[in-house]
Amino acid sequence: MFFRYIWGFYAHPKDQWHQLDQQQTGPVRSLLHLLLMALIPASSAFYSVSEIGWQRWDGGQVRLLKSHALLMTSSIYLLLIGTVLLQAWLAKWMASNLHAQASFLQTLELVVFTVTPLFMVGLALLYPAPWFVILAGLAGAVYAIYLMYLGVPIMMRIPHERGVIFANALVTLGLVLLVTLLGVMGLIWGLGFASIYG
Numbered sequence: 001m002f003f004r005y006i007w008g009f010y011a012h013p014k015d016q017w018h019q020l021d022q023q024q025t026g027p028v029r030s031l032l033h034l035l036l037m038a039l040i041p042a043s044s045a046f047y048s049v050s051e052i053g054w055q056r057w058d059g060g061q062v063r064l065l066k067s068h069a070l071l072m073t074s075s076i077y078l079l080l081i082g083t084v085l086l087q088a089w090l091a092k093w094m095a096s097n098l099h100a101q102a103s104f105l106q107t108l109e110l111v112v113f114t115v116t117p118l119f120m121v122g123l124a125l126l127y128p129a130p131w132f133v134i135l136a137g138l139a140g141a142v143y144a145i146y147l148m149y150l151g152v153p154i155m156m157r158i159p160h161e162r163g164v165i166f167a168n169a170l171v172t173l174g175l176v177l178l179v180t181l182l183g184v185m186g187l188i189w190g191l192g193f194a195s196i197y198g
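Mapping to the working numbering: the sequence shown position 191 is 191, numbers consecutive.
No lab work stands behind these hints, which were simulated from the structure alone. Treat the hints with caution; some may be incorrect.
[Unchecked claim] If you anchor each label on the Cβ, the simulated ranges turn out as follows: (1) Ile134 - Gln22: 34 to 40 Å; (2) Ile165 - Lys66: 21 to 27 Å; (3) Asn97 - Asp21: 27 to 33 Å; (4) His18 - Ser67: 43 to 49 Å; (5) Val164 - Lys66: 26 to 32 Å; (6) Tyr5 - Ile165: 48 to 54 Å; (7) Arg157 - Leu65: 37 to 43 Å; (8) Leu182 - Arg157: 18 to 24 Å; (9) Leu126 - Ser96: 38 to 44 Å; (10) Leu65 - Ala11: 40 to 46 Å; (11) Gln22 - Ala129: 28 to 34 Å; (12) Leu98 - Asp15: 24 to 30 Å; (13) Ala11 - Phe104: 34 to 40 Å.
This structure is a prediction, so every number in the text was calculated from the model and none was measured. We put the beta carbon where it would ideally sit given N, CA and C, even for glycine.
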């Protein structure tokens with residue numbers, strides 16, 4: 001079921017948004033999708049930082065003890081889930097201010113399925129070279145923004161013109177949350193985990 005959604009957002013994203021909007025299901029689908037997709041970057045980061053080792057810009061390599069890698073990547077997993085839920089809640093609040101009739105479930109589905117490409121990019125962490133991860137992350141971000149612009153008018157049931165304005169606000173919010181998330185992840189990394197090599 002989940003792979004059908006993922007494939008649909010890559011093969012025919014506009015049709016997939018319409019199909020998702022027409023299906024009246026509870027929050028379980030979206031939450032389960034979020035929990036499973038957030039495992040991709042977290043588990044990939046755990047494996048690469050504990051087994052393969054990260055390449056530094058100067059050519060050296062960093063590897064963490066498994067216990068520290070597990071603590072770090074578990075924190076990242078929880079941060080990813082929390083960030084997506086926060087963006088969905090803020091999107092619901094913004095929708096009410098823009099006179100869009102959207103439930104929390106609609107904004108949750110919009111955000112969860114929009115960030116799916118970013119979670120899929122987590123597989124790039126299995127090749128832990130900074131340049132590769134950055135390029136893959138940029139590609140995932142561009143596609144996620146594209147999905148946001150397609151999905152907002154459909155999921156929020158608003159005209160395209162208002163959808164573009166709302167999507168602009170959500171993309172800006174997403175970028176602010178992403179920078180905040182990266183900052184918090186940097187703090188987690190810098191709290192001593194980076195200095196303990198295995």
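Structure-based check of all given hints:
1. Ile134 - Gln22: 34 to 40 Å: At roughly 37 Å between Cβ atoms, Gln22 and Ile134 fall inside 34 to 40 Å, so the hint holds.
2. Ile165 - Lys66: 21 to 27 Å: violated, 47 Å
3. Asn97 - Asp21: 27 to 33 Å: violated, 21 Å
4. His18 - Ser67: 43 to 49 Å: Between His18 and Ser67, where Cβ atoms are some 46 Å apart, the hint holds.
5. Val164 - Lys66: 26 to 32 Å: Between Val164 and Lys66, where Cβ atoms are some 47 Å apart, the hint is violated.
6. Tyr5 - Ile165: 48 to 54 Å: violated, 27 Å
7. Arg157 - Leu65: 37 to 43 Å: violated, 50 Å
8. Leu182 - Arg157: 18 to 24 Å: violated, 33 Å
9. Leu126 - Ser96: 38 to 44 Å: Once the Cβ atoms are compared, 41 Å apart, the range 38 to 44 Å for Ser96 and Leu126 holds.
10. Leu65 - Ala11: 40 to 46 Å: This hint holds: roughly 42 Å between Cβ atoms.
11. Gln22 - Ala129: 28 to 34 Å: Given range 28 to 34 Å: violated, Cβ gap about 42 Å.
12. Leu98 - Asp15: 24 to 30 Å: For Leu98 and Asp15 the Cβ distance comes to about 25 Å; the hint holds.
13. Ala11 - Phe104: 34 to 40 Å: violated, 28 Å
The structure shown violates the earlier hints numbered 2, 3, 5, 6, 7, 8, 11 and 13.
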